[in-house]
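Asks: Spelled out from the first residue to the last, the chains are:
Protein chains: 2
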Amino acid sequence: MKEFFNVTSIQAVLALTARFKAVCSEQVILEEAFGRVLSEDFTAAEDIPGFDRSTMDGYAVCAASTYGASEANPAYLSIVGTIAMGQVPQFTVAAGQAARISTGGMLPMGADSVMMVEHADIIDEKTIEVYRSVAPGQNMVSKDEDAARGEVLLKAGNRLRAQEIGLLAACGRSALAVFARPRVGIISSGDEVVPLSARPQPGQVRDVNAYTLAALVRRYGGQPRHYGIVKDRFEELLAVSRAALSENDMVLVSGGSSVGTRDLTVDVLAALPQSRILVHGVSISPGKPTILAQCGSQAFWGLPGHVTSAMVVFMVLVRPFLAHLGGCINDAPVRVPARLTRNVASAQGRVDFVRVRLVSRDGELWAEPVLGASGLVRTMVAAHGLIAIEMNSEGMEQGDRVEVMLFE
Amino acid sequence: MKEFFNVTSIQAVLALTARFKAVCSEQVILEEAFGRVLSEDFTAAEDIPGFDRSTMDGYAVCAASTYGASEANPAYLSIVGTIAMGQVPQFTVAAGQAARISTGGMLPMGADSVMMVEHADIIDEKTIEVYRSVAPGQNMVSKDEDAARGEVLLKAGNRLRAQEIGLLAACGRSALAVFARPRVGIISSGDEVVPLSARPQPGQVRDVNAYTLAALVRRYGGQPRHYGIVKDRFEELLAVSRAALSENDMVLVSGGSSVGTRDLTVDVLAALPQSRILVHGVSISPGKPTILAQCGSQAFWGLPGHVTSAMVVFMVLVRPFLAHLGGCINDAPVRVPARLTRNVASAQGRVDFVRVRLVSRDGELWAEPVLGASGLVRTMVAAHGLIAIEMNSEGMEQGDRVEVMLFE
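Same order as they appear, the protein sequences are chains A and B. So the numbering used here is basically just the index in the first sequence, starting at one, shifted up by 15. So the numbering used here is basically just the index in the second sequence, starting at one, shifted up by 15.
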């Protein structure tokens, strides 16, 4: 039996992520880990760098030997050796002594700081004159300053950027556990939809949505898989939906823009085993006719037919689900503050998403609404991002401050 | 012979991109085109959608038949047919007539607009009553509104986002020419650098830079290739540099943090055929000891040894070169305005890059400088981006407005 729902708010849709579990983990080598999501906390197995390390070219000294040194009253230190890169110094530095050291070199016993080469003059082979004082710990890092053994350095759920890869490399991790990329099945439906290779007859359109959605899935960490174009026939859509559900963590149906296709999606969802329609209509525009069902442990979305509406629904609703399935806890879209170039009207009772271009004017960033019929993909090509006009607003005015959610 | 240069400004370094040519093109299928850079203008071969298309569920009408219609004074229209999805209507709509149409349906001859289903009441099988007027062109897109035959839709040099993929799909392009991903050879140098798998002895460090730089290269559209760790010996670095230059579009040497390694890099560059050192020292901090040479048609960078400095130089200098080599004309980093949480001191005569965390406070975004020794990779892990303190500034004050260049 079909179930009927009231239109759901964005917040209520997003709260439904809790009904779905993150995908399994897999091992990857560090070279392949960029952009992946850590699936377990990462703990340092040793101190890093593991030795007191100079961060400057200069002289390893006892800080106390330099106290009070100035241009007028320099301190004189005797050179007791040179520290070779990658070597353990075989001597100690006592009060009144110094050792030549390069950036990255290991401080000898006795030394607690580094005097920069620029602040010392060479008097002879055995003596330098220093003009400044250094504090203990200055121009060096101590042996556990980057990581202390047993410390949790990275939490599960973080997407790995270049610096996290660097930290893992510093700790010697050449392989690690990450969440698998959620598998996302993509079905296009609609009697009017034809393959890319076809020359559409009048009344027909090419399968734009499947390619656009696959690109978004890929961008946000999923693995898209295409299930082709399905005509508006119950048995056909049911069979393809079953296949897609059995092979993926999430399924997106879109492409048909008629009421008929949407009704068909609801009929198919009602007929699937262990299926429950959670959302049938969302209070956003564009994107109102969005459907979300839970089929066993999987999420099944019915997305609007217009590619532009499907993109908005993806950015606002599907993307957080994809992040959740992928185990990611820090995947908010980038938002940039700007000011509106002109008035934008909006209906109350729904959140309106308006595509905007960002333009710089007098050192300020302005969001310029993109004109053109909402179904046109070219309006998305012209846009840098979306602004939301909230539920209780009748619109916004020129000069108002907005946040632009960027398309990346 | 070694050449000596004055410290170069960021702007002067970036101007040197003009000395290098973009890489060659290659063909990719549309499924693999996301994130790639178009290498030729893309021109529409046909009108898209190719027919007048409804953007609403409702009735195709002649707008003039609805003029003056209101709740008090509705207009009555006779239904002459139903337009099936994907079909060419076999009838025309004249004044006083209407045809049932779904979103995406083709408008019949004679109709110039669509009356939304919500604004009409069904009187009987043959008649509707409408309460509003529509304007010609309303609730429809005309046949060449998304793309007109012969129009340049996308310019060469644009990185393809999901919407560009959608536009290409709409136009039936299943394969296209994009710039190849620039090949970037990565060499680690320094006697103190050991492989990931090694347990560093005191004084040694693991090869952090190669992994971090490879992740950045990949993130910004290049193909990294590792050339391993080279000891601080002239012949060895020369041989590996030659090999890397012969197989890549750009080469990065880094990892050695000592003056010795830097001097060695300069010696090797001077010994390479057709080599010219363009930059030897840049007025930024961190990152001053950066070297850039042109070797034949390739760019050869000597990056600072601290991974954090190497990352800053990559983001500020190498990234724009990588974009240029990759043919990309619109690859500026994302910048987010924020306010400083505390005073930051800076030296005049150089641009200081400070790593910051973004924090939200009272609805405003604040940039909080990350503390800790500048060589520590954990300071980068804690940061969301960088702010620049300009050449002529002695620092910035709490509350000052800054732009944060995001690590993505």
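Certain hints may be false.
Identical copies carry no separate label here, and so any pair may be met within one copy or between two of them.
Under the rule of at most 27 Å between Cα atoms (straight-line distance), these lysine-lysine pairs were calculated in the DSS-like manner [unchecked claim]:
#  : residue 1 : residue 2
1  : Lys303    : Lys158
2  : Lys170    : Lys303
3  : Lys246    : Lys303
4  : Lys246    : Lys158
5  : Lys158    : Lys36
6  : Lys246    : Lys170
7  : Lys141    : Lys303
8  : Lys170    : Lys36
9  : Lys246    : Lys36
10 : Lys170    : Lys141
11 : Lys158    : Lys170
12 : Lys141    : Lys36
13 : Lys303    : Lys36
Hints are computed from structural coordinates only; laboratory data are not their basis. This one's a predicted model, so the numbers in the text were calculated from it and none came from an experiment.
Asks: For each hint, tell me whether it holds in the structure or not.
Replies: Taking the hints in turn, this is what the structure says about them:
| no. | hint | result |
| --- | --- | --- |
| 1 | Lys303 x Lys158 | between (57 Å within a copy, 25 Å between copies) |
| 2 | Lys170 x Lys303 | neither (36 Å within a copy, 33 Å between copies) |
| 3 | Lys246 x Lys303 | within (23 Å within a copy, 62 Å between copies) |
| 4 | Lys246 x Lys158 | between (65 Å within a copy, 24 Å between copies) |
| 5 | Lys158 x Lys36 | neither (40 Å within a copy, 45 Å between copies) |
| 6 | Lys246 x Lys170 | neither (46 Å within a copy, 35 Å between copies) |
| 7 | Lys141 x Lys303 | neither (80 Å within a copy, 30 Å between copies) |
| 8 | Lys170 x Lys36 | within (18 Å within a copy, 42 Å between copies) |
| 9 | Lys246 x Lys36 | neither (32 Å within a copy, 48 Å between copies) |
| 10 | Lys170 x Lys141 | neither (50 Å within a copy, 65 Å between copies) |
| 11 | Lys158 x Lys170 | within (22 Å within a copy, 52 Å between copies) |
| 12 | Lys141 x Lys36 | neither (68 Å within a copy, 52 Å between copies) |
| 13 | Lys303 x Lys36 | within (26 Å within a copy, 48 Å between copies) |
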